[in-house]
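2 protein chains.
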Amino acid sequence: MANFYFDEATGLSLDFNGLQKPLDLAANAELLQKAQANMQALEGGAIANPDEQRMVGHYWLRAPQLAPTPEICQEIEQVQAAIWQFAEQVHSGRILGCTGQPFRNVLVVGIGGSSLGPVFVSEALQSPTDRLRLFFIDNTDPDGMDMVLGRLEAELAQTLVIVISKSGGTVETQNGLVEVRSFFAKHDLNFFANAVRVTQKGSPFDTAPDADKWLASFPMWDWVGGRTSVLSAVGLLPLALQGVDCRQLLAGAAKCDELSRQPAAQNPALLLALAWHSLSGGQGGTSMAVLPYKDRLQLFAKYLQQLIMESIGKEFDLAGRKVRQGLAVFGNKGSSDQHSYVQQLVAGPENVFVTFIEVLRDRANTIHQPIVRDESTSGDYLQAFMLGTSKALRDHGKNSFIITVRDVNPFNVGMLIALFERAVGFYASFVGINAYHQPAVEFGKKAAGEIIALKNRLLAEMSKQPGVFQPADFWAEQTAADPALVWHLLRHLAANGDAAVKTQAVLEFAGVER
Amino acid sequence: MANFYFDEATGLSLDFNGLQKPLDLAANAELLQKAQANMQALEGGAIANPDEQRMVGHYWLRAPQLAPTPEICQEIEQVQAAIWQFAEQVHSGRILGCTGQPFRNVLVVGIGGSSLGPVFVSEALQSPTDRLRLFFIDNTDPDGMDMVLGRLEAELAQTLVIVISKSGGTVETQNGLVEVRSFFAKHDLNFFANAVRVTQKGSPFDTAPDADKWLASFPMWDWVGGRTSVLSAVGLLPLALQGVDCRQLLAGAAKCDELSRQPAAQNPALLLALAWHSLSGGQGGTSMAVLPYKDRLQLFAKYLQQLIMESIGKEFDLAGRKVRQGLAVFGNKGSSDQHSYVQQLVAGPENVFVTFIEVLRDRANTIHQPIVRDESTSGDYLQAFMLGTSKALRDHGKNSFIITVRDVNPFNVGMLIALFERAVGFYASFVGINAYHQPAVEFGKKAAGEIIALKNRLLAEMSKQPGVFQPADFWAEQTAADPALVWHLLRHLAANGDAAVKTQAVLEFAGVER
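Just so you know, the sequences run in chain order D and L.
1 is the number of the first residue of the first sequence in the numbering used here; add one for each residue after it.
1 is the number of the first residue of the second sequence in the numbering used here; add one for each residue after it.
Hint data in this document are derived by calculation from the structure and do not stem from the laboratory.
All values reported here derive from a predicted model rather than from experimental measurement.
Fair warning: there could be bad hints in the mix.
The list makes no distinction among identical chains, and a pair is therefore deemed to hold if it is satisfied within one copy or across any two copies.
Under the rule of at most 20 Å between Cα atoms (straight-line distance), these lysine to aspartate or glutamate pairs were calculated in the EDC-like manner [as the list claims (entries may be wrong)]:
1) K502 - E450
2) K502 - D407
3) K201 - D222
4) K445 - D395
5) K445 - D24
6) K446 - D395
7) K34 - D317
8) K201 - E71
9) K322 - D51
10) K446 - D374
11) K201 - E315
12) K201 - E350
13) K186 - D51
14) K464 - E8
15) K464 - D245
Please take these sequences and the hints and turn them into a complete structure.
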């Protein structure tokens, strides 16, 4: 029985009072011990990602002395020192943009793990005193890139571009790089004088011919996975440039790591993982809604979607059995979401539980707050809505628990990141899966490559038969392809000004009922 | 069998080729007829929301001539004309802010249905030529309000405030109103000279003593629900001020309504609802991931979370049977989400399907696009990733379908809004629930009121015993309340500078394991 966790020093608490059944540590002692042993081995440098034969070392990033070799420890410390120095030189104007002006903006080009962490922390810790403003290109949507670049156009010379790709082969990021470079070229500005890259040593991106032209380069490591890379150069570089106290961010994560090496009853991450496990029955098919009652933390659920779903959503377990594991994550913020989908959480299906994130401090200025009604502040109501929703869920047979931090500051954001990273690791041990690979991500990428090839075959075929005016089915036959695919490809090409397609293709096909 | 829907005139298409089993219209003929009959009755003015004894009239907003009475038809047309005129007068400078300067910003204060629709459409249709910039306060988070007001501080006199609450009793919105008013007062600016309200005639907000002070007022109607109010004054007013062509927004919705009054095989909304029904088995517990492959549509899933989950997430059906219906919705955008949770969608549990939203046109300038690689543009890859992910899902036994529009413009956004509004209505008929009430939303609100009362009792109790230094358990006993609740309340009060609590409460309690 453990319904409450509270660490007085940090103020971190977990309140499991909203569970229909209290957590049972005794009944799960074996499971808990196994998970702790696995975590200890992982932190010691074991090959915790067997499929990829990799160590899993993101915990070393905030405690380099724990790294399995002195070389790794030294590398971490050197890279962090280099990041602090680079940020300081940009802030002080010792490093200037391509036209000799100080930098005002940072444009991060990266996707998935190279964007979700930095964008979450950047928004959570934003302040009017930020040194530089962060922007993100995290997709291969041309219109989306045009929107971001349009906002930066007037200050492009004062925009530092950080291109992030661990593997160096991420197509969306490579496309973003080409688009941003051509935008700089269009404005006769020297891209490389404003451009920094973060990638793994030896990656195609690292060894590219223009490798020496970049303003600076920072390494990623084989032993840091994308979804746990926010405390590597991936997150630290843009956040340090923004003006975030990254040392506190690291300290908070390190502190939560320490707390989560304690025995079960005093181990917040292990208790969190146990709650997930008892609520999901260790099976897939359960969803978790994450509701931070704090606007700044609005992107936390989006960040957790990747951390949790990409780690736990697996077809096979470590023994090779088909298990179709998963834990779906969604959510935005309270109390806004109470006016959205909480109706379903309370009244609807059983296969969902809620994680509330509570922040005790309401606002920077706690002295002069308007009393909005009934001797209460807006913040009193924010808390009351959270506690009230927790009660409504419990009364309707649903489960929820509350994670509380004192304030949204770098230390506490670091704690929250570590808390969920470790809970994911523990949960993966409970259900016996590899939390550190993502094989299914490749399937869509591979299929996309085949579709690009089909598009090129299609255009070649049409150019061989100029003036031929035929529906998609015909061109599908010519290219031995799925007519529905060809239909989508032709419509897309025509909509984007391909004259040949416009004149030669009928933008429908026999599959459509008349 | 109906695997494709295509309307050549609008370019709207639905591709169900990604389903493991094709849609079977014949087998569901009865279900489809019942749903169409219910929709016809609803559009004719039936009491489609029996619990609240209300008509459901959002379809009249874009086709006033369909309204059941000439009075309603006239009211809709008059309000729209008043909105167009008000926006024109603000744009032309005939209406100025409290200091005689033209308006530059709009601050919308509203939550749930009074914010999710406007914010989605505003972002989807944003353009560098927007007439005014929109900002939103959609919560009772003091820090969140401070962040928004801080951004507006320098231009506060040129900020038009729109306060939206249909019932006039929404606590978060009332709190936002108090905070924004006090911020104007702090800057010696006349709030009411800059403030417009949208509420239902006769609501507490409408009949408040300061009713006559507002710059303008626009009505909401009893027969428009919050989650379907984006095409009422709730959405039209801020969007018209932004510079969105609202007539096209309405025209697109009206057009999709027409298409969705056709026989099943030619009825996009009915086919969509049938797909949901065959994929969920008409039961709760299934999730739908919504992936628009277009950055502008990033908030669509968040908008649909409310529209769908608040409508379909119900404990009882119309016959009073406990059914725990629901359809969970989450998603952000492709291809970014492929680097996040798509790993789980492909490899994980079976109880999820995917709705892809495809936009054919890649960017405003389709002439000069960089070729990023392999004779292809960034947009070619965006489409290829969508089609590739669809294939990966199908190959792994998962279901998905593709909704395609030509471009993101007001007409097509109107079509998408109507498409899902009607699909929700049809689905509700399939499973026999009331899609137009949200009883469970009240439970959390009611409990929140009790918690505010407990907080006040607690403070009164502590002031009666000054200097008494005791843990939460003691004060819980004094107020006959749940110690865990009291613990949260005391910690929150102490963190926000309540001296009494700081001196009298020990911020932990016996429930915590030592």
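Going through the hints against the structure:
1. For the identical chains of this complex, K502 and E450 are neighbours neither inside a copy (23 Å) nor across copies (65 Å), given an alpha-carbon limit of 20 Å.
2. Taking identical chains as interchangeable, the C-alpha atoms of K502 and D407 lie at most 20 Å apart only when they sit on different chains, with a minimum of 17 Å there against 58 Å within one chain.
3. Proximity of K201 and D222 under a CA criterion of 20 Å is satisfied intra-copy only: 9 Å inside one chain copy versus 63 Å between copies.
4. Taking CA atoms no more than 20 Å apart as the test, K445 paired with D395 passes between copies only; the shortest distance there is 14 Å, against 45 Å inside one copy.
5. When the C-alpha separation of K445 and D24 is checked against a cutoff of 20 Å, the pair qualifies neither within a copy, at 42 Å, nor between copies, at 31 Å.
6. Only between protomers do K446 and D395 lie at most 20 Å apart by alpha-carbon distance; the minimum there is 13 Å, versus 48 Å within a single protomer.
7. In this assembly of identical chains, the alpha carbons of K34 and D317 lie at most 20 Å apart only when taken from the same copy (16 Å versus 45 Å across copies).
8. Taking the closest pair of Cα atoms, K201 and E71 come within 20 Å of each other only inside a single copy of the chain (15 Å); across copies the shortest separation is 72 Å, beyond that limit.
9. Only within a single protomer do K322 and D51 lie at most 20 Å apart by alpha-carbon distance; the minimum there is 16 Å, versus 46 Å between protomers.
10. In this assembly of identical chains, K446 and D374 lie within 20 Å of each other by CA distance solely across copies; the values are 15 Å between and 60 Å within a copy.
11. In this homomeric assembly, K201 and E315 never come within 20 Å of each other (Cα to Cα): the closest approach is 31 Å inside a single copy and 55 Å across copies.
12. Taking the shortest Cα distances, K201 and E350 never come within 20 Å of each other, neither inside one copy (47 Å) nor across copies (39 Å).
13. For the homomeric pair K186 and D51, neither the shortest alpha-carbon distance inside one copy (44 Å) nor that between copies (61 Å) is at most 20 Å.
14. Taking identical chains as interchangeable, the C-alpha atoms of K464 and E8 are never at most 20 Å apart, the minima being 75 Å within one chain and 28 Å between chains.
15. Taking CA atoms no more than 20 Å apart as the test, K464 paired with D245 passes in neither setting, with 61 Å inside one copy and 43 Å between copies.
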